[in-house]
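Could you use the hints to bring the two separately framed chains together as a complex?
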Amino acid sequence: MTREEYFNALIERHGKEAQEKFSNAAVGIAGLGGLGSNIAFFLARLGIGKLVLADFDRVDVTNLNRQQYRVADLGRYKAEALKEQLLGINPYCVYETHSVKLTEENIPEIFSECDIICEAFDKADQKAMITETVLSDMKNVILVSGSGMAGTDSANKITTRKVMSRFYLCGDEKSDIADGCGLMAPRVAVCAAHQATAVMKLILGQSPV
Amino acid sequence: MVKINGQPAEAAGKTVAQIVEEQGLNVQRVAVELNGDIVKRSDFDKVVVKEDDSMEIVNFVGGG
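Residue numbers (our numbering), protein chains in the order written: chain G, 1 to 209; chain E, 1 to 64.
Take these hints with a grain of salt, some might be off.
Claimed, not checked - Calculated lysine-lysine pairs in the DSBU-like style (CA-CA distance at most 30 Å, straight line): (1) E:LYS40 <-> G:LYS162; (2) E:LYS3 <-> G:LYS157; (3) G:LYS123 <-> E:LYS46; (4) E:LYS3 <-> G:LYS123; (5) G:LYS162 <-> E:LYS50; (6) E:LYS3 <-> G:LYS139; (7) G:LYS101 <-> G:LYS201; (8) G:LYS162 <-> E:LYS46; (9) E:LYS40 <-> G:LYS123.
Calculated from the structure, these hints are not laboratory results.
Bound conformation, chain E alone (with noise of 0.2 Å):
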């Protein structure tokens, strides 16, 4: 299992990328923190998260 925003998912093997396009977020208005380190948006589709791995994303709405 993988957490993500502190709750248990299926998601060991996919790539960051992978991750917030199934969340139905556009990778572009996240920022992504991996086993405590940020993950660059250019690095999305390079990382691959791994079982026991723990996962933040923020989604940002627009207003300010």
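Bound-form chain G, shown alone (with noise of 0.2 Å):
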């Protein structure tokens, strides 16, 4: 299979005019474990032409139950067990890994080449930290953050907002991991495919919401 029949068939699928858009798209991942991995795959499968997918941590087996990570990933640094199963979905994204601790002095410079950055960390500190950083010091990015998808409640509560003029937020805005619920397979994936839904239609022009 060649790059051109790979990209036939996207455009197949996705229209030529939108596949040039995706192509030409570069989006960053803040975090990449139950919003982050699942919302890489969905921007891979579209053909978005750049992921710069940042995470500290490595794959533990207690991430299994709703990240994107296989068993032979254990131990493994996230981002590069991300990047190698994306590449046997789409090898012809350009993904770029950094496998270093997010924080308002390296932010900037990590996501300088995207457009958008999705916030897909775990704790509340960190999203409210990667807004601040991203709103204040990053004028043209818009960011797209998913907060509340804990518990078993209905996926109907999981909605997109826009809450500022360059931030969105996808979520329930209320299920915390604190109150004991746990991180469910199929709910957080609902949340991390709004936030890709939300960078899909930002990228075509589109208003999210």
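The structure is reproduced here in structure tokens:
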């Protein structure tokens, strides 16, 4: 299979104009856990030109209940394990990996080429940190965040909301792991799909909401 | 009146930090926009909200 054949297949599914927009886009994913790994799979399948993937962590057995990793990946850096799988799905995206802890200092540099960043962290204070950093220090970048997806409540409660001019929030905005609710694969993926859908619509020039 | 997340509130004259804390929220877990601009956490104690200001406060929860 050639690169041309692969892209023709994407064009057949998505349309030529949409595919061109996807191919020209660069999206960052901050955190490669339950949200981030799922978002990455969706965006790779869309054929997003460049994905910047950042997470300091390694794959643990407790991740397998919801994150896109395999038993064979245990102990590996998430960024590396994810990139390997993504190359097997779409070999023609550029996957730039960073196995580092993201901070307010390095976020603008690591995601400097991205038009859109997906916030896919686990901790609420990290979500707040990246939101402040992106909206203060990265003037043209749009942030799509995920907050509230724990537990087994209805998937219908997960929404996408435009909160600020460059900030979209996906999730039910209240289900917190701190309340003892676990993170369950399908519900986490619903939130990740909301984020990936928002990214897709932004790239196509549509409003996500 | 000040608008907070679309709802009118008596908050003029208070700092962003005070408003966040009065809502029972943790300043480390929120993002605040005032009149269309993000307010940095380091400015929460300094920025005073005025009459007719419009605020959005996002309270993040854990999980991802």
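Going through the hints against the structure:
1. E:LYS40 <-> G:LYS162: holds (20 Å)
2. E:LYS3 <-> G:LYS157: holds (25 Å)
3. G:LYS123 <-> E:LYS46: holds (26 Å)
4. E:LYS3 <-> G:LYS123: holds (28 Å)
5. G:LYS162 <-> E:LYS50: Within the cut-off at roughly 24 Å; holds.
6. E:LYS3 <-> G:LYS139: Answer holds: LYS3 of chain E to LYS139 of chain G is near 25 Å, not above 30 Å.
7. G:LYS101 <-> G:LYS201: With a Cα-Cα distance of about 29 Å, the restraint between LYS101 of chain G and LYS201 of chain G holds, given a limit of 30 Å.
8. G:LYS162 <-> E:LYS46: The given pair, whose Cα atoms are some 27 Å apart, holds under the 30 Å limit.
9. E:LYS40 <-> G:LYS123: The given pair, whose Cα atoms are some 19 Å apart, holds under the 30 Å limit.
Checked against the numbered hints above, the structure breaks none of them.
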